[in-house]
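Chains as they are written, first to last, in the working numbering: chain F, 1 to 243; chain P, 1 to 243; chain L, 1 to 243; chain G, 1 to 243; chain W, 1 to 243; chain A, 1 to 243.
I should point out that these hints are in silico values taken from the structure, not numbers from a laboratory.
Only pairs whose alpha carbons sit at most 20 Å apart, straight line, appear in this in silico DMTMM-like list of lysine to aspartate or glutamate:
{"hint": "1", "chain 1": "L", "residue 1": "Lys211", "chain 2": "F", "residue 2": "Glu117"}
{"hint": "2", "chain 1": "P", "residue 1": "Lys43", "chain 2": "L", "residue 2": "Asp134"}
{"hint": "3", "chain 1": "W", "residue 1": "Lys31", "chain 2": "G", "residue 2": "Glu76"}
Only some residues are given here: those of chain L computed to face chain F with a beta carbon under 10 Å:
{"hint": "4", "residue": "Val25"}
{"hint": "5", "residue": "Val179"}
{"hint": "6", "residue": "Thr223"}
{"hint": "7", "residue": "Asn227"}
As the structure is a prediction and not an experimental result, all values here were calculated from the model.
A virtual CB, placed ideally from N, CA and C, is assigned to each residue, including glycine.
6 protein chains.
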Amino acid sequence: MGQTQRSPLAAETLARLGEVSTATVTMQLLKRGLRNVYMRGPKPFRPEQPRLVGEAYTLRFIPMREDLSRVEVLGEPDYAPRKVIEATPPGQILVIDARGERAAGTVGDILVARLKERGVAGIVTDGAVRDGADVAAIDFPIFCTGTAAPASLNLHFGADHDCPIGCGGVAVLPGDVIVGDGDGVVVVPRALADEIAADGFEQELLESFLKSRIEAGHPVIGTYPPNEETRRAYEAWRRAREG
Amino acid sequence: MGQTQRSPLAAETLARLGEVSTATVTMQLLKRGLRNVYMRGPKPFRPEQPRLVGEAYTLRFIPMREDLSRVEVLGEPDYAPRKVIEATPPGQILVIDARGERAAGTVGDILVARLKERGVAGIVTDGAVRDGADVAAIDFPIFCTGTAAPASLNLHFGADHDCPIGCGGVAVLPGDVIVGDGDGVVVVPRALADEIAADGFEQELLESFLKSRIEAGHPVIGTYPPNEETRRAYEAWRRAREG
Amino acid sequence: MGQTQRSPLAAETLARLGEVSTATVTMQLLKRGLRNVYMRGPKPFRPEQPRLVGEAYTLRFIPMREDLSRVEVLGEPDYAPRKVIEATPPGQILVIDARGERAAGTVGDILVARLKERGVAGIVTDGAVRDGADVAAIDFPIFCTGTAAPASLNLHFGADHDCPIGCGGVAVLPGDVIVGDGDGVVVVPRALADEIAADGFEQELLESFLKSRIEAGHPVIGTYPPNEETRRAYEAWRRAREG
Amino acid sequence: MGQTQRSPLAAETLARLGEVSTATVTMQLLKRGLRNVYMRGPKPFRPEQPRLVGEAYTLRFIPMREDLSRVEVLGEPDYAPRKVIEATPPGQILVIDARGERAAGTVGDILVARLKERGVAGIVTDGAVRDGADVAAIDFPIFCTGTAAPASLNLHFGADHDCPIGCGGVAVLPGDVIVGDGDGVVVVPRALADEIAADGFEQELLESFLKSRIEAGHPVIGTYPPNEETRRAYEAWRRAREG
Amino acid sequence: MGQTQRSPLAAETLARLGEVSTATVTMQLLKRGLRNVYMRGPKPFRPEQPRLVGEAYTLRFIPMREDLSRVEVLGEPDYAPRKVIEATPPGQILVIDARGERAAGTVGDILVARLKERGVAGIVTDGAVRDGADVAAIDFPIFCTGTAAPASLNLHFGADHDCPIGCGGVAVLPGDVIVGDGDGVVVVPRALADEIAADGFEQELLESFLKSRIEAGHPVIGTYPPNEETRRAYEAWRRAREG
Amino acid sequence: MGQTQRSPLAAETLARLGEVSTATVTMQLLKRGLRNVYMRGPKPFRPEQPRLVGEAYTLRFIPMREDLSRVEVLGEPDYAPRKVIEATPPGQILVIDARGERAAGTVGDILVARLKERGVAGIVTDGAVRDGADVAAIDFPIFCTGTAAPASLNLHFGADHDCPIGCGGVAVLPGDVIVGDGDGVVVVPRALADEIAADGFEQELLESFLKSRIEAGHPVIGTYPPNEETRRAYEAWRRAREG
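Modelling step: build the complete structure from the supplied sequences, incorporating the hints.
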């Protein structure tokens, strides 16, 4: 499932997903019958950090075992958690299956500094970040479950990378599209990215109109979702706007 | 259990509860043998939001089932989660049983805008809010468990409203009095509201005196709770103050 | 296990631990085979509060039972939760086993004011704080799991003090050294405090060098952890620095 | 949502569901996109008890509150948990939303004796049963999470009956069809009952053939699920069997 | 809180509690406002084991820490988990606070054999038992949460004994009365033991009559709980029975 | 990490582990500093099933996603959960990472029948088994968390096989040795298998002697663990026995 075989995503798809909220993305996925796409746990590490959109590059932890999770493995060039720091392609997102474990960090300030240096787009993990104060000083988007002092070896062993994982209870395949904002992180299956981007963009336009109607005093029923009359008003507004 | 049958709460009761902390309210309820009155989960959505006091109007979710939780129900005028947006009486609080589920929003910015427009006093939910950034821009008190991108239909089905519910592990009957501040949310059974308000007011007065004693160097033992001597000093202080 | 039998900690140990991050402390403990030393739950109550280092003085709660957890016990001079407010030695840290229970406060503003007055160094609890707004107004380091309105009697009974406890899933003996910062709280067994302080101090120096290398564009592999060459560069840097 | 409005289920539907395993029923529902239909928790109370099939009659608990959950309510004729003992129609199943709480019983031997006497088909609850030894002596199918000594009032208040509920994390509407066997309990939405019964019956026939093929040494791949060849063999077997 | 200071329990109290179900005991405690008395977790280890009644002698574990939970401590005569094997008085019950941890055993067959030899009445633990097959071969009542292979040192450190503990979420003081049967384990505060025994005995008599009424076809309402008429019938039945 | 590269385990190692209890195996691992080796969850499916010892062959599930977990994948020859049924080598154990999820089956009677037919030694899973009654009729050792009606596709997607996994919170590498008995399942790292087998065998011999001493009335202290005198008695007993 290496990334090389995949045809590239349309630039417009990523651009549009960069303007669509995760609330809208999950609604578009729900309309297609996909419910299990929103990660439990990961939230923006810094309140002010930018939205995050990009392809997933994955890292997988399994439970700590004392004979495996020795400090010495950190110096082995093939140890997955160190290898991904150099292997995640620029512009992609490192997505870490940390088994939902909040009491260990999966990255600290040195690794984050290197990822930023390499042009990686961001990190998503269902675990924590360590050296939180130093990490927060780096302008780099991270979605995680908070901070924790221990290294990942305290509770995990890095088993694999660039493979299917679960993160926050959601399946992530390498190359799936990740969208993160203040409401958290959603996974868009790669094959659906184009249509979710297009329809999500439309939905946001409609909802901006509907919200203005609500603010003008219209009741929810008939407005949101729109009935026939509201929909006609929207079409008129839209034509005027585009016109 | 409709609200119409209930005799109105004394204005003074609501006014006093508006000045009494939830810490004090729970202590007054504990003195009467009520322990299971504090909600697990809901906290102020915005740190700076005002305290919240008012009568409960309820909404109840049950678990999602794919044949029930279809996007189409949002357009049905009788679907409870939309109906309550127009039905919650002005001045009352919409209290939502979201089954403690943090991975779905129970309201978004459009519904919040409408509730505010209608004069509803606030929202309490043991679930999340979606479109968090837009909701935070509305000056409206919400107690919830954070943000989540998915709509309630992703995990719930709106089953009923204006009925007994559980919220944050606490029973809420329509018309019970809700008090929320930075420490969270407490439910005051309607029948006890008057006396909790009166005695809570007294307790706060006493504690402000006791705290001044502690700050003046008195030890905890003998001061908090007050022994005979401290109580006499309090009575004197109080007479002087009122005098 | 009273504190009196213990020989005092070296001043240098506490001073150095005051400069070493919990991330570093847990790594030093991991190198010695200690993994279960990081508390699940407690985080800084105020984002800006200072780091916390000191010896542990303990308080232990057991589950509430209605015949034990009566409001009247608060006035009994031997009730452990009140006794410790006067008994925790100045400079030490009150560490409270609140059974990981987030729905009750273990201290409120009056008790915190008294602890500060007495020169206690801080509080660590795997429970909550009540009267959160008033507590936040006191300049006193507290590590806890948030705020909750109810008093500890709502869910607990104070069983004992100055005894071995569990806090956040970690064993704490009276006299163990507690280190808390933005990443949370770690327990250093008293017998290991000197060497953890010394080696942690060294590790921080090395890592500040390694981070500068990463920021200068070196890859993680070979740098962090350092290979032979990086280590030589570090030694040179260090000699130059000290020279 | 009273039961009286509903047209009766076909006798053949209930008869067939009585012969189809819950494993098969959940697979048929999965094929129709319904995943959230299997209850977490309820298992047969007695290993040897018969399968259970019938329409749901519901009871709903909310969290205990000391002013509501008084022993005296048991004597009030309108208290829902007592009312349902006389109101559940013969042949139907009492399905109890006990909030997944295993530390309180929802029925004891006296209530079970009365339900049996009245011809009720069985009980499903995501809570426990009390007086377990005496209940086990009654030949009556119960699906629950085990035994617990306390009465429901210890942790619950009976809020309502004959209304939509959640049980074991699954939505149950009055009149839905419940199927229980050794693998647990599944809810069949009433509108789907006929087709699930018919197709489930077919699936069981096919699988009995496939299992005989596996036992005859065929590999899983090509057999289960059947490829073209296996399916032809099945059709032949079936024609031969039907004669 | 040593056992020696306590005046002995009346023999009749223990005898009566030996005939009263835990369901009845919890109801009697509920009538007195005590709800948090039933342990979550412990169930009979062998289905056929006898009921268990006696005074509590306690053992307390705290979380494992690698420097404390060394195999060598098992040979130290003061290590609490070994000490209690010789110190629990004959006729009393060893009640173990295992922090609700199901993945470690708290006793194995050798320790159980010794406790039986010494005349201890039984064991209650919210943890597991190891060497389960060998333990099951010993005729000795144990209430626990199942079996687990690891020794207690794997996850715990034995901190103390003959002290207040929590077990299964319930406070247990040394000398409290423990009652265990098929529904699990309930703690009777020592000061209430006499009246719970007496009133529980009465309740069982009444309920045996009420059950016979239900079996004779009476409806629940009016019978259980008894209305005036039923109560008169009971009094007559009782007089006849005693007469 | 394919199995082919590994040198075979000594036959004596497997034979001895077949006679050593999991309680003893975990103690031997604890003595070597390995604590996280005992699986949470899996227990014998049938009480009477034999002990299980063998090498691990692994299968890994990730969370269900509606676009991946389609019923159609069951017919794809490369779908891992079907592939392993034919690929697990005879004599080895299929170990399934089911993410600790108890509400879906990971195998049913048809797959179990095929595994038995192929000479696979057994199954270990931290999930459930479906078609429980039919599976129980097959004489084949399974360690799991119970029964559940839904297929694995209801909650999972089969991601990979013959790779490192977590099962019951424990790391399992292909080729590690699994030991299961009534106390559950323990993982022995392959590199330690020989010494654990040898020393475990010794420990069992010693403990059989110590138990006889306890049964003869010796106190625990001095006997278990043995002091100098007890150890001498053991050596004498052993010499006599081997004599």
